[in-house]
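Trainee: Chain P: place on chain V using the hints.
Protein sequences, first through last, are from chains V and P.
The first sequence begins at 6 in my numbering and counts up by one.
The second sequence begins at 6 in my numbering and counts up by one.
Hints in this document: simulated from the structure, not taken from any laboratory.
Only a predicted model underlies this, so the values are computations on that prediction, with no experimental measurement involved.
Where a beta carbon is used, it is the ideal one built from N, C-alpha and C, also for glycine.
Be aware that a few hints might be false.
[Said to hold, decoys possible] Stretch-level coverage of chain V by chain P, calculated; a stretch enters the list once three of its residues show a Cβ under 8 Å from a Cβ in chain P:
#, region
1, 140–154
2, 171–181
3, 189–202
Chain residues, written in single-letter form:
Protein chains: 2
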Amino acid sequence: MRIEVVPTVEEIRFDQISNHVVVVIDVLRASSTIVTALGNGFLSVIPVETIGQANSLRTADSVLAGERYCRKIPDFDCNNSPTEIAQKKNNGNHLILTTTNGTRAIQKAERASALLIGCFLNATACIKHALAFHLDITLYCAGTRSEFSLEDGLAAGLMIVEAQKLHTNLQVCDLGEALKASFLQLAEKLGEQLLQTTTGKRLVQHHFTSDIHYCAQVDHYNLVPFVKEKRILPHLVS
Amino acid sequence: MRIEVVPTVEEIRFDQISNHVVVVIDVLRASSTIVTALGNGFLSVIPVETIGQANSLRTADSVLAGERYCRKIPDFDCNNSPTEIAQKKNNGNHLILTTTNGTRAIQKAERASALLIGCFLNATACIKHALAFHLDITLYCAGTRSEFSLEDGLAAGLMIVEAQKLHTNLQVCDLGEALKASFLQLAEKLGEQLLQTTTGKRLVQHHFTSDIHYCAQVDHYNLVPFVKEKRILPHLVS
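With the rest of the complex left out, here is chain V (with noise of 0.2 Å):
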């Protein structure tokens, strides 16, 4: 088996996608949103790219979260944001959430075998569950507006870590290995820099610091969240 890493959203190739497990990170936020919405009691997440699109989609029993430039958009329930959604008593709803990148990415790769959500807060529980398919994975980093996103990388880097424990004949490419490296060299202080990476930065400016904290807790669910129908639905791994 083999493991590839996509820098960014636009570089995905069919090669990468076909007859591939593909792990969709984007941990500021999105990934980290829709793990925390499917382990507080969300039933299912439905990514959209628009407001239109996610208004459109409206129940008596949906909640719809999103952001633009940070803030939270006017008539939404909540912004996306995983500590706020984890305080929301959700059980039975569905989230409706409005990403840019998470949801291209998503619609990129929706040919692969499987599609998969991760982050630092299910990174053993979604590289256990990858490796099962026995099939090759591209950890697929969804970046920030075309580029490279510094916490993307470090948790395909722990994913890759956590792979080679279970797995020790896998053949890891280039940015695999240097990924794994900068997330052993940065293991022991990931959340202090989160908080340094381009996306962090802004995050602080607006007031998410608590959720950048959360969002660098390493394996706090053991969930995968998966693809299917364009819903996103929760996997418990034992």
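Mentor: Relative to chain V, chain P alone:
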């Protein structure tokens, strides 16, 4: 000042070239060959893409170097091998070097304010010289066949470490931060790590292990090759 890292030859944008110092990094082996040639008596290096271009530029005082699939090109004087070139008597000669990614990177970045060639062998001299222009810097990793190469990324990481020793207030892009951490994690076993990269493994198969050990030496030269009118000339850093 800001340092950005471009991970592969295709991905550079004009705003990362214009009014920037660009450092082309192709550790295995074009950059290392160029530094070694200029450190061992060659007056200049002329990079070309094709065998035909190299042959058409041949003169009495020129040496032709290059490889295809790791083998010396018929009628050429030597392989693209820094250890082979270091052993020759080269005073007063010009090296005509066929490279694919190295030459393409130089062509793509020719409108930079300054265009330098860097690798482990001259990393500190190179970044010191780059900083002296007081412009933003792009570390342009050539990679291999459109893919990121770990050895280029680690050399970029080392240059960022050295740059931050000289300037406390440098901005560094997220990929640069990741590669700095990778370098710090792997610095103690650089030679060993270079044997494990995708290009490293291919060179070992073709019995160029000594080239890899040679290219992993940090700061062996204090000269910085720079591009001027399609030739590469040496600049000595004091």
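Trainee: Each hint needs a verdict: does it hold in this structure or not?
Mentor: Okay, the hints, checked on the actual structure:
Only residues whose C-beta sits within less than 8 Å of a C-beta in chain P count toward coverage, and the region 140–154 of chain V has 3 of them, enough to reach three; the restraint holds. Counting residues of the region 171–181 of chain V whose CB lies closer than 8 Å to any CB of chain P gives 3, which reaches the minimum of 3, so the coverage claim holds. Coverage of the region 189–202 of chain V by chain P holds [criterion: at least 3 residues with CB-CB distance below 8 Å; count 5].
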